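Build the full structure now, drawing on both the sequences and the hints.
Residues per chain, in single letters:
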Amino acid sequence: MSGSALTYAIIDGVLTGSVYALMATGLTLIFGVMDIINIAQGIFVVLGAYLSYEIQLHWGIDPFVGLLITIPTLFVVGIVVERAFMSRLKGPEKTAMSILVTYAVSLLIEGSLNMIFSVNDVQINAWYVNRSFKLFGVYFAYIYVFGFILAVVLLTALWALLYRTRFGASVRASLADQTAAALIGINVRRVATICFGIGTAVTAAGGMVFGATNAFNASSSYDLISRLLTIIVLGGMGSLGGALVASIGMVMLEDVVGVVWSPVWSTMTFFIVLVIVLSLRPQGLFGKQLARTA
Amino acid sequence: MGHWSRAVWVLGLVALALFPVVVTSPAYVAIGVFTLIYMACASSWNMFSGYTGYIALGSAVSYGVGAYTMALVSIHANMAPGAAMFWLVPLGGLVASLVALPIGAIALRVRRHTFVVITIAIFFVFQLTAINAGFTGSTSGLILPFISWNESYYNVPFYYVALGLVIFATILSALVRRSRFGLQMLAIRDDEDRALGLGVRTTSVKLTGFALAQFTIGMAGALYAMFVGQIFPQFVFDPLFDVSIALMAFLGGLGTLAGPLLGALILESFQQWLTLTFSNSSLYLILFGALFLLVILFMPQGIVVFIRDRVTRRAAREKAAVAAAETTLAGSRA
Numbered sequence: 001m002s003g004s005a006l007t008y009a010i011i012d013g014v015l016t017g018s019v020y021a022l023m024a025t026g027l028t029l030i031f032g033v034m035d036i037i038n039i040a041q042g043i044f045v046v047l048g049a050y051l052s053y054e055i056q057l058h059w060g061i062d063p064f065v066g067l068l069i070t071i072p073t074l075f076v077v078g079i080v081v082e083r084a085f086m087s088r089l090k091g092p093e094k095t096a097m098s099i100l101v102t103y104a105v106s107l108l109i110e111g112s113l114n115m116i117f118s119v120n121d122v123q124i125n126a127w128y129v130n131r132s133f134k135l136f137g138v139y140f141a142y143i144y145v146f147g148f149i150l151a152v153v154l155l156t157a158l159w160a161l162l163y164r165t166r167f168g169a170s171v172r173a174s175l176a177d178q179t180a181a182a183l184i185g186i187n188v189r190r191v192a193t194i195c196f197g198i199g200t201a202v203t204a205a206g207g208m209v210f211g212a213t214n215a216f217n218a219s220s221s222y223d224l225i226s227r228l229l230t231i232i233v234l235g236g237m238g239s240l241g242g243a244l245v246a247s248i249g250m251v252m253l254e255d256v257v258g259v260v261w262s263p264v265w266s267t268m269t270f271f272i273v274l275v276i277v278l279s280l281r282p283q284g285l286f287g288k289q290l291a292r293t294a
Numbered sequence: 001m002g003h004w005s006r007a008v009w010v011l012g013l014v015a016l017a018l019f020p021v022v023v024t025s026p027a028y029v030a031i032g033v034f035t036l037i038y039m040a041c042a043s044s045w046n047m048f049s050g051y052t053g054y055i056a057l058g059s060a061v062s063y064g065v066g067a068y069t070m071a072l073v074s075i076h077a078n079m080a081p082g083a084a085m086f087w088l089v090p091l092g093g094l095v096a097s098l099v100a101l102p103i104g105a106i107a108l109r110v111r112r113h114t115f116v117v118i119t120i121a122i123f124f125v126f127q128l129t130a131i132n133a134g135f136t137g138s139t140s141g142l143i144l145p146f147i148s149w150n151e152s153y154y155n156v157p158f159y160y161v162a163l164g165l166v167i168f169a170t171i172l173s174a175l176v177r178r179s180r181f182g183l184q185m186l187a188i189r190d191d192e193d194r195a196l197g198l199g200v201r202t203t204s205v206k207l208t209g210f211a212l213a214q215f216t217i218g219m220a221g222a223l224y225a226m227f228v229g230q231i232f233p234q235f236v237f238d239p240l241f242d243v244s245i246a247l248m249a250f251l252g253g254l255g256t257l258a259g260p261l262l263g264a265l266i267l268e269s270f271q272q273w274l275t276l277t278f279s280n281s282s283l284y285l286i287l288f289g290a291l292f293l294l295v296i297l298f299m300p301q302g303i304v305v306f307i308r309d310r311v312t313r314r315a316a317r318e319k320a321a322v323a324a325a326e327t328t329l330a331g332s333r334a
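Taken in order, these protein sequences are the chains called H and U. Just so you know, the numbering used here puts 111 at position 111 of the first sequence, and the rest follows in order with no gaps. Just so you know, the numbering used here puts 191 at position 191 of the second sequence, and the rest follows in order with no gaps.
Each hint should be verified, as a subset may be incorrect.
Unchecked claim - Quick partial rundown of chain H residues pointing at chain U, CB under 8 Å, derived from the structure:
(1) Leu-100
(2) Gly-111
(3) Ser-112
(4) Trp-265
(5) Leu-274
(6) Val-277
Hints are computed from structural coordinates only; laboratory data are not their basis. Note that this is a predicted model, so its numbers are computed, not measured. Cβ atoms here follow ideal geometry from the backbone N, Cα and C, with glycine treated the same way.
Rendered as structure tokens:
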């Protein structure tokens, strides 16, 4: 393997991996606070991408500026979905039911997107998508770096929200133990709704970068959600740091396999690593050891 | 089993058996074949996931393995196209069960919701392998030996074999439900740690149930391959298949005997009709998603339990009314 290929794999792992980390953080946050696995996260990413695409196409607004519209929009979408469907799920089968309900939400949105935009691939276009520059001897389009900066800014903002505010303390308390949090007077329901909104809102940013770096249509959501699920299970479900490490690690590994072996098989490494890790460490890399039936 | 429910079962079976006799249009009989295939799969899926509470979303692995067993064996053994190929249907089921053993051994080590995710991951391993490997014909698919039966009754043998699969899956589910093994699966669903503490060998019970459930799904996949005559990796390893049969079981009533059959009957015939009428799969996705959300909101237990509750409640109310009337009568007499 040539040195530049390895350099490419490492740099791309950090740049693209951080964008995946942003999307995966939303997913793991929702799981940690609500015990809900949100299958619709993949289609929310695609929805975010389409929104950015349309805003640029019709109003000529740059996709990065357009985030000021798309992030609040997806926050509201998340709140509506949570209030309408998630809040009705209760009981021991809650997690299993949440998978199916969010899958149904996902199908509903997928069908609608197919009808509105047809199934032809589109891609967000801008000067930073087409122009590239040299980084350690490898060429990268500017969007990769801009996307990375965006992801770092938003992840930092999210970190500050979780660790430096009163609301964040409530979220972390709910992550640790929902019953105990409720007992000390935290409105866990409200925290859950807002977390679902935040978890969905980050997909607007992730979707914009995804839509600028990939040609996409509504069915791209299957590929996205399977990767995101793999990442949060690997990192340990509910672990924010685990999602970050797993995202960067997995994208890097995928790139290395793509260069060394063949890009055809690189996607499979994702799932094979998951299977191997889980047979050795069922709770994931950074997961808490919980009772088997929990 | 009460008289009424026995009558409903018999009536349902008679209606299904007579369908191709009454409705002779090949297009509608074909819809019937697909519907029966899904009924068998949903019933079999329920026998593991409904009884144990471990929601598997990778059943398309078994379906695809069954379909490829049929395709590869019939092609490479140079089989004469015709009814003899039906013998490969149970073989497809057997291979699917065997493949399920190592998958289950890995996937069942983890907690319930992680299990869901890992079944999805294993599904993608199979799908990507099938798309990229040479022996599966990759994206151009495989063409099975061409069966030259007369068009007007081509679908009918498939219909009755599919009906046989449905009957097989239902009887197997009913037998398992009444057996000690079935009770152990239900105990795992209710409280796995306690079941383990009481001496249920949870790991082997789960693994046996998982592999057993894949048998019918594999047979259904094999029958599908023979019926359509050409298979593509992306259609036999289809993520929508995974979630469809789960939604069918939930729609009808998870863990019940009739629920998954009813759910599949409604959803699959509806989808086929929709495709035939509008040839618009996006519309189906929207209706499918909306219907499922409505069911979750208004009858989270599924149709069968919803109706059963209504019937028992009405019976209880009538009984109470009779009792009240008798008390009043007794009071007035005194």
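Hints, one by one, checked against the model:
no., hint, verdict
1, Leu-100, "6 Å, holds"
2, Gly-111, "3 Å, holds"
3, Ser-112, "6 Å, holds"
4, Trp-265, "7 Å, holds"
5, Leu-274, "5 Å, holds"
6, Val-277, "10 Å, violated"
Hint 6 alone, counting from the list given before, is not met by this structure.
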